[in-house]
Every structure is written in C-alpha cells, then in structure tokens.
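Asks: This is what each chain is made of:
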Amino acid sequence: MSELLHKNGLTQLAAGLRTKQFSSVELVRAYLQRIEASQSVLNAFISVTAEQALGAAAAADRDIAAGRGGALAGVPIAHKDLFCTAGVRTTCGSRMLANFVSPYDATVVAKLKSAGAITLGKLNMDEFAMGSSNETSYYGPVRNPWNIDFVPGGSSGGSAAAVAARLIPGATATDTGGSIRQPAALCGITGIKPTYGRVSRYGMVAFASSLDQGGVLATSAEDAALMLREMAGFDPNDSTSVDTPVPDYVASLDAPLAGVKIGLIKEFVDEGLDRENERRIREALAVLERAGASLREVSLPHLPSSVPVYYVVAPAECSSNLARYDGVRFGHRCQEPRDLQDLYRRSRGEGFGAEVKRRIMTGTYVLSAGYYDAYYLKAQRVRQLISADFKRAFGEVDVLVGPTSPTAAFRIGAKTADPITMYLNDIYTIGANLAGLPALSIPCGFVGGLPVGLQIVGAHFAEARILNVAHRYQLETDWHRKLPERFA
Amino acid sequence: MTAEWETVIGLEIHAQLATRSKIFSGAATAYGAPPNAQASLVDLGFPGVLPVLNREAVRMAVCFGLAIGARIARQSVFARKNYFYPDLPKGYQISQYELPIVAQGALDVVLDDGSTKRVGITRAHLEEDAGKSLHEGLGALTGVDLNRAGTPLIEIVSEPDMRSAKEAVAYMKKVHTLVRYLEICDGNMQEGSFRCDANVSVRPKGAEKLGTRAEIKNINSFRFVEKAIQYEVARQIELIESGGKVVQETRLYDPDKGETRAMRTKEEANDYRYFPDPDLLPLALDEAFIEEVRKGLPELPDEKAVRFASQYGLSAYDAGVLTASRELADYYEEVARAVPREPKLAANWVMGELAAALNKENLDAGSEKMPAARLAGLLMRIADQTISGKIAKEVFEAMWAGGESADAIIESKGLKQITDAGAIERAIEEVMAKSPGQLADYRAGKDKLFGFFVGQVMKATQGKANPAQLNELLKKKLPG
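One line per chain: the protein sequences are V and R, in this order. Residue 780 in this note's numbering sits at position 472 of the first sequence; the count goes up by one each step and never skips. Residue 783 in this note's numbering sits at position 356 of the second sequence; the count goes up by one each step and never skips.
Hint data in this document are derived by calculation from the structure and do not stem from the laboratory. The beta carbon of each residue, even a glycine, is placed where N, CA and C say it ideally should be. Some hints could be false.
[Claimed, not checked] In silico negatives: residues of chain V with every beta carbon more than 12 Å from chain R:
| id | residue |
| --- | --- |
| 1 | Ser331 |
| 2 | Arg342 |
| 3 | Asp413 |
| 4 | Leu603 |
[As the list claims (entries may be wrong)] Pulled a few chain R residues facing chain V out of the computed Cβ check, cut under 10 Å:
| id | residue |
| --- | --- |
| 5 | Gly472 |
| 6 | Leu477 |
| 7 | Val479 |
| 8 | Arg507 |
| 9 | Val537 |
| 10 | Leu538 |
| 11 | Val571 |
| 12 | Leu573 |
| 13 | Asp698 |
| 14 | Ala711 |
| 15 | Phe877 |
| 16 | Val881 |
| 17 | Gln883 |
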C-alpha cells in the first residue's frame, strides 16, 4: 500500500494518519524513497534530513496514538531552503551560506512543527530567491517533473518540483515577485502567497523585505488551505506581521460561487500572453461562470509598470539586506584576506552568484545619492498607484483573475543569457506583491504537454475567498490531480 | 594681516538611552560584560532575524523632545544607513533620516558672563549604536565586540548657533544635565554613554555665508570638546590666513597630542544610501501617549532654578549651581526642608563643604557617604546655636570620616557651645588676669587687641564659647 500513499493529498494523509490507516513512519519512509529515487533527476532537495524525520515520525505516531497530535500530526513536508531550521543548514541556494547552520527555527518552521508536521529536508531554490527558473542556485538547476529538459520556474523551483513529483505532499515557499505562483503554474500544482503580514517573516532569509511573503505549495486548494491555516498568524518577532485572527480557511472552502464577482484583469491579456495559454484561462473562467460566478473585465491601468517598479524596489532592498554577508560572523569567508577591504571583496565576490550580484549592484545604484529620487522614490510612487488600482478594482469585484505566467515552462538555459526576458516571466505576478495582496495559482490545463496556471488575486486578508474560488474550480476539474507520468 | 574671525559651531550629541534592553532586541544594555555576551541573534545580524522596536526608547525620546519644547512627530520613520564595517553587523544602521521623532526645539544656556543664549535644536532622532572594534592584546588581529550594537541612542543635532568653544561646552553641559534630569541617559562619558561630534567652521566677522566645516568625531569629555574646538578654530584660521582653504572633512581629536587629524575627506565619504527600513512600520504616536509622557516629566532644571531662587531666597547663581544635577537639587531640597529657616545656610554648606568633600573623592550628591538627613542634622545644631560655624566644620570632617551623626560627635567630643554667660565670664576673667599688659594697652586705646582677647578666650574654651555672646561680654568687661 505504501507505494500508493503519494497519490493522496495532504488533507487525506492527515486524516489517514489520524484514523491510523498507516503510520507516520511508513509514510515518511515512502516519501524518503521517492526523494532518493528522484534526486539525481530533479535535484529538488539541497538537504534531506532522513534520520531526524524518522525520529520525529515515530514521535508523531506516539502522539497520534495518545490522541494528542496537531492538525498536521505525522504529515511529511519540506521547507524552501531559506527558512531557518535549527541544526540543519540553511543555504538559501547560495555558496555564501553553504556552511550556515541556523541556531534557531523560523516562526513558520516552529508553527508547522507544533502542528505535528515532519520535515524531510530543505528544498532547492534560486540563489537568495532571485530568479524565475531555479537556474541561479549554487546547488544546480531543478528540473521540471513534466519534462526534465524544462525549468520548474522559480524561485521556489525545488518546492514546486518536489510537490509536483509527489516527493512531498506540501512544501513551504516564498513569493517576492511570483516565486510561489509561477513555479506552481509551471509545475501544475497549487500555490498560495498570502497577504503581506499574514505569515511571519521571522527566520525567513530576507530578499526584499517589503515584498517577501511565505506561503504554501501543495496539490490542491484544500491542502494549501490546511497548511496555510497552520502557518499563518501574528508574530511579535515580526513588526510587519498583522495582528488579526486567522480564519479557518478549510471551513470556508465549500461556499458556493453564486453571486461571486470575478474580474479578468484586462492588462494581463496582452501581446506577451501565449495564445494557447490564453485559451486555457478563458476555459477556466467559463468553468467558474458555470459554477455561478459572474465575470467581467476590469482594467488596472498602472499594472503594466509592475516589472520596472519591482526591479527598482526589490534590488534596492536586497542590496541592503544582503550587506550582512560580509565574511565576518557567518557564511563564506575568503582564504587569507589581506585586509578588511580584501575580506569584503573576495568573500562577497566568491560567495554570491551572478544574478545576486546584478541585483545588489542595481539596488546600490538606485539608492545612490543623486539617483534615489529618480528611481527609488519614483518607483514607490508608482507602487502606490498600482495599489490604488487594485483597491478600486476590489470595489467592483470580489476576486481578480488572469494568467499566472505568460507561457508554460521554457527549456533550461533558454533565457539565462537575457535577464530582461527572464524578468518578464513575472509580469503577471508582481502586482500582487507590490500591493501586498493574497494571490494563488491553480493548474488549468496544458500547453504543449506542460501545465499552465490560473491566477486568482484577492483583497487584503481575503485568503479564504480566493481559496474558496480555487477549491470550487477544483471540484469541477481534475487538472490538479494529474501527475507527471514519470512520477505517477 | 589678521582679519576678525567668527567661529561657528554645531554639535551632534549622541546620548545612549537608559533602557534595560536594546532598541530592537531583548538583549541587555548593561556596560562591561565580556565581549559579545550581550549580543542576541538580532544584534549579530543573523540571517532571517527582524527588529522589534523597544517602546521604552520611544518614550525616552519623546521625553527629551517635550523637555526642549520641540515638535513630536506623530509619524516618524526608521531608515537604513548603509555602510560596511565589522562593528556594524547588518551592514546598515537603523536610524531616522527624513522624518525624525523630535524636531525644532531649543535650549537656553547660561554663559560665563551671566548672559543667556538660546541654542536651536534642529532634530533629535532615534537610532541604534554600533559595536566596537577591539585591537588591544590581539596582535595583528581585530576583535569585534557587539555588546554595544543595538543600544538605543538619541542623536541630538543642534543648529550652528554656538560662537565659541566655551559656548559649545556650556550647551553640551546643559544637554547633559537635562538628559540626566529626565533619567533617560546615565550621562557616563567615560563609558561613551554621552559623546559628541562637533561641526566647526570660521568666517570673517559679519559675513553671512558659513565657512567650510570640519566635523570632529566622537569626543567624549567636556574638556576635550573645548580643546578640540579651540585647536580646530586656530588651525582653520591659520590655514586661511596663510592662503589655504579649509576642506570639508571628518577629523579625529587626539587628546594625547591635543590636536585634530584628518580622517577622511568629503570625496572619500560614504554614500549612505538611506531608505525607509521595510522591516519596521512608520512609528505612529497618538496624543494620549504624548500626554502621558508629558504628565510624567519631572520638574526641569530651568523651572527648578527659578523656583529655588524664589522659594529659598537664593541668588540666581546659587540656584543654577544647585540645580545642575537632579541628585544635587534633590539633596539640597531635603536639607533645606529639614532646616526650614536656614535655606541660605543649607545652600552654603551644600555648595561649600559638601561639594568640596564629594569632589575630592569623586562622588556624586547621591552618595551614601553623607545622606541629606545627616548633613541637615549638623546644620540644625548651627541653627540652634549648639555649635558655631567653625566647630561645625570640625564636626563635618568627623562625620565624613566616621559616618556618625552630628549629635553623636558633638556629644562624644564635648563640642557643645558654651552659652552659659557665667562660664564665659569666668573664662574672660581668667584671661584678663593672665594678660595684664595687653589689658592695660587695650584700655589705653589699642582697640585692635580686642581680637587677641577673643582668641584667648576661645582657646581657653576649646572654641566652644558662643561667639556672639563672647563678643558682647568682652565689650562689657574689658573697659573695666
């Protein structure tokens, strides 16, 4: 039986454990086997913590037997390798942190642990979450389970590939400009980035602090709702986390769609959108209409400026956030530095990869005296306009929809030479980050044998609503149940 | 040719706030712990950690703002000041830049000539202190101690309103007094709790345009501030007069050599790339909070000095001296209250004998060595004529040395003043009998010998004769 367990979603697995249809140890063993078998092909994991996981699984089994397990008791998960995990190295996909073992658990890690989840390891990612294809990782690219010559998307490519290949039923991930939703779309799974401030950033290695938000990758909206419910909540250690109660996202999944107003973002159906991809989106919208939702087109005129705004704000924050990697207290230090300048130059020069350096330099430039007003300040003003556009739109509709990414996955290496082309991959996802809104991606069909995603954006703290719409869609369709043949 | 030069000085004072924990972490701020024993993961700038603002630091900054009559920002913003240095773990210092918590205040400073000068305070902002680099005993290596990293500071930036080193010192002392009154800073300059940067320039008298300034960094004593500025002013004038030009630069004061030295020029200066810290929300303060802080403010030094002058009939100078620190003022008031009819006597003793004794042993007015009640006990014996002022000094010395009460010392040493007229008369008669020659001379008109008889009788009574009584009786007896 254990070779079929991976066909289950996280919700079913949690229920199966609770009703003792199988043990956590069995389940963890089954997943560890799949991880081991796939690692050389997909490269989804940076660290696998088999021993600790089996120990924790045995403890979870005892808890379940004693009737005191949490909502995720015994359920295996894995963390994107930028969530700090005490005693297990946290590399951030970088050579800089190749030797870094955090002395503490991120709040998200601690919360999931206390809900009973078992961590099987740390997932590959673009270096410091900078990338849209998982090709910037120091630990090598991750491959798309649907076609291993293709990228899984990024930066949470390891999380997405692992869930898509059912190496794990759910994974944590982070989304700064689309890093949960874009790989979810490219790997044919469900991913949600909550409202900025909904999930604690404490212990999540920062890329761009005003945009970073932790979230979930899973195989269905139902599973994402369950895992998010356990992760979310106010954290006194994160001043930007919001002190408002976490609703039971699972309880509201089934609400009917009758009367729900859906707005298709006009600016997202542009010349950059692959026509086949557009067709999948329109088919998905028809499904939602049949389920009772009403559809209209909504214009957000400033949204096309998202990419340039993002590539000023995010690098600016990253240039400052990554200044702490100086070879002094932790992380990579060059051999025999001659003096302080040499220590800084070589430690950082050797520790960071090309894309990270590009963004640090861009960010340093836009914050420099004489350029600050023209770039950073202007970008912040446009960011306000984009937020205002969303606010206006949510006066008219309940949720906004559109494609998650312009195309399905592309070949490994296809866009590495041209960063701008790569950046344009996030054109539809960045807006929600700039405005701090919750957004998710669900699979809505295939183009050329590769999955594409439908994006659903909600108003602030309307996670329950977008999960509800996604779940109703998944009740009507089975795209989310499809598995790549190789990993079936 | 010597032009007439005017000196222009502005100070940036860094005062460490006396909170128990750091501004953005829960680590302790106490001074003197082993290196890095008080550095939390936040202070160390570990990956993933985030700052959480200490409300007590905010309250203290607001306290200061209210005390200088400044505007308290209802919304202020923390910004990152970016630069690389080993004692700056995050690679940026969290400070305030465009929107500081306190803006546009002023302090009135009394100068040596008794005149009052108003010094404008442009702003005071909250920020975190950096750590320290250690070099001693490490050979070619540099150590980093991050105990100080994250200690809350307010940086108090003055207008360029001061015109001499003495004015600058008077202003700095005033700020020092104020922050200690408010109990927001311990004022310990040796430990670096209170230090300043001085911006110094010179210009021809009457010129409006400011001269190019040099910034002297990190001066940690009043004396050094005065010397550093004096040296710098002389250097700049000499430079200009010999045809040179002052360049904008950062300089360091070397107290051993008594000179300032260039550290880095404007061209080498860091571009700090300030931007709002996305990890911290803008700091919003409501009226209720500000009012609560206002209600908790102690009586401020200037108010207290005015009250002392009127309530205790003191001169403005004495009132100023006695209110220079809160401990001293509280001490004086306790003494004055215990000896109600003699506030002037109390002032003289507190500023005289007590201050000298404290000074000699480098103690503060709060010292256990001479509690106010004990000194008051002594003054009461002067007031009720149990002892004379002269004997009182002797008693004070014994009290200082042994810690006993005045009464116990007066009793054990038998210092009680003789006020019995009969006893004094007997002593006078004995002296007169022993000094017939002097008596004859006095009676022949040598008035000066009156003092001789006073002295002799005092000697005979071991100084215990009541001086006023003695005078009176002598005047009666000597003429015969």
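Asks: Please go over all the hints and tell whether each is borne out by the structure.
Replies: Tested hints:
The Cβ of Ser331 (chain V) sits about 33 Å from the closest Cβ of chain R, beyond the 12 Å cut-off, so the non-interface label holds. Non-interface call for Arg342 (chain V) relative to chain R: holds, since the shortest CB-CB distance, roughly 29 Å, exceeds 12 Å. The claim that Asp413 (chain V) is not at the interface with chain R is violated, since a C-beta of that chain comes within 12 Å of its own (minimum 10 Å). No beta-carbon of chain R is positioned within 12 Å of the beta-carbon of Leu603 (chain V); the least distance is around 36 Å.
Annotation: interface hint on Gly472 (chain R) holds; nearest CB of chain V at approximately 4 Å, less than 10 Å. Satisfaction of the interface hint for Leu477 (chain R) is found here, the shortest Cβ-Cβ separation to chain V being roughly 5 Å, below the 10 Å cut-off. Because the beta carbon of Val479 (chain R) sits about 5 Å from the nearest beta carbon in chain V, less than 10 Å, this interface hint is met. For Arg507 (chain R), the shortest C-beta to C-beta distance to chain V is roughly 5 Å, which falls under 10 Å, so the interface hint holds.
The restraint placing Val537 (chain R) at the interface with chain V is violated, with a minimum CB-CB distance near 40 Å, outside the 10 Å limit. The interface hint given for Leu538 (chain R) is broken, as the beta carbon of that residue sits about 39 Å from the closest beta carbon of chain V, more than 10 Å. Against a cut-off of 10 Å between C-beta atoms, the interface hint on Val571 (chain R) holds, since the closest Cβ of chain V lies about 7 Å away. Annotation: interface hint on Leu573 (chain R) holds; nearest CB of chain V at approximately 9 Å, less than 10 Å.
Here the hint on Asp698 (chain R) is kept, as its CB sits about 5 Å from the closest CB of chain V, short of 10 Å. Below 10 Å, beta-carbon pairs count as interface contacts, and Ala711 (chain R) has none with chain V, the closest being about 12 Å; its hint is therefore violated. The closest approach between the C-beta of Phe877 (chain R) and any C-beta of chain V is roughly 80 Å, which is over the 10 Å cut-off, so the hint fails. A cut of 10 Å between beta carbons decides the hint on Val881 (chain R): the least distance to chain V is about 76 Å, and the hint is violated.
Interface hint at Gln883 (chain R): violated, since its Cβ lies 79 Å from the closest Cβ of chain V, which is beyond the 10 Å cut-off.
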